[in-house]
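What the sequence shown shows, in the numbering used here, is residues 111 to 241, in sequence order.
Bear in mind the hints are in silico, worked out from the structure with no lab data behind them.
Where is the CB? At the ideal position from N, CA and C, for every residue including glycine.
Each statement offered as a hint is correct.
Result set (BS3-like, lysine-lysine): computed pairs, CA atoms no more than 27 Å apart in a straight line:
#1 K139 <-> K151
#2 K139 <-> K162
#3 K162 <-> K151
Distance ranges between label pairs, derived from CB positions:
#4 L126 <-> I215: 23 to 31 Å
#5 Q236 <-> E132: 32 to 40 Å
#6 E113 <-> F209: 29 to 37 Å
#7 L201 <-> G148: 23 to 31 Å
#8 I235 <-> L125: 43 to 51 Å
#9 Q236 <-> Q155: 32 to 40 Å
#10 E165 <-> E132: 15 to 23 Å
#11 R207 <-> D130: 23 to 31 Å
#12 Y219 <-> H135: 17 to 25 Å
#13 G127 <-> C241: 32 to 40 Å
#14 A152 <-> E240: 32 to 40 Å
#15 E132 <-> I235: 34 to 42 Å
#16 Q155 <-> L228: 18 to 26 Å
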Amino acid sequence: MVEIAEVIAPRMLELLGPSDPETAHAHNKLGYLRYLHGGYKASLQVLEFNRKMIEENLEPGNYQAALVLNNLNLTHQALENHPEAIAICDLWIEELRAFHRSEGIHAQYCRAHSRYALGHRDEAIQTTREC
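Please model the entire structure based on the sequences and the hints provided.
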């Protein structure tokens with residue numbers, strides 16, 4: 111399964127360009143599949159690619175921002191890099207709340223989950239209440 115994603119993601123980047131939501135979707139799935147198959151470092155490479163896409167290709171309000179943020183949070187939490195997941199949430203939460211309510215709620219949940227995992231129970235409860 112990972113082999114298919116390894117071929118598709120770069121091809122979509124070539125055909126559709128970095129700002130197309132389907133390109134982001136393909137790379138996000140690639141990172142998650144790499145993680146599931148034990149490719150921790152390989153999935154981190156995909157996260158770096160996604161970060162670069164966010165910084166260089168996204169306009170405020172673009173649906174792709176929500177897609178990339180959502181998958182970055184899931185992947186970071188699967189990788190148990192909770193401080194990074196919280197930092198990403200903090201950076202993008204306001205835009206998501208303004209343009210993509212459901213993604214904003216999901217990001218808020220991810221933030222609460224990471225805070226709880228780091229032992230910050232009261233902050234996690236407060237974050238949940240903010241949803």
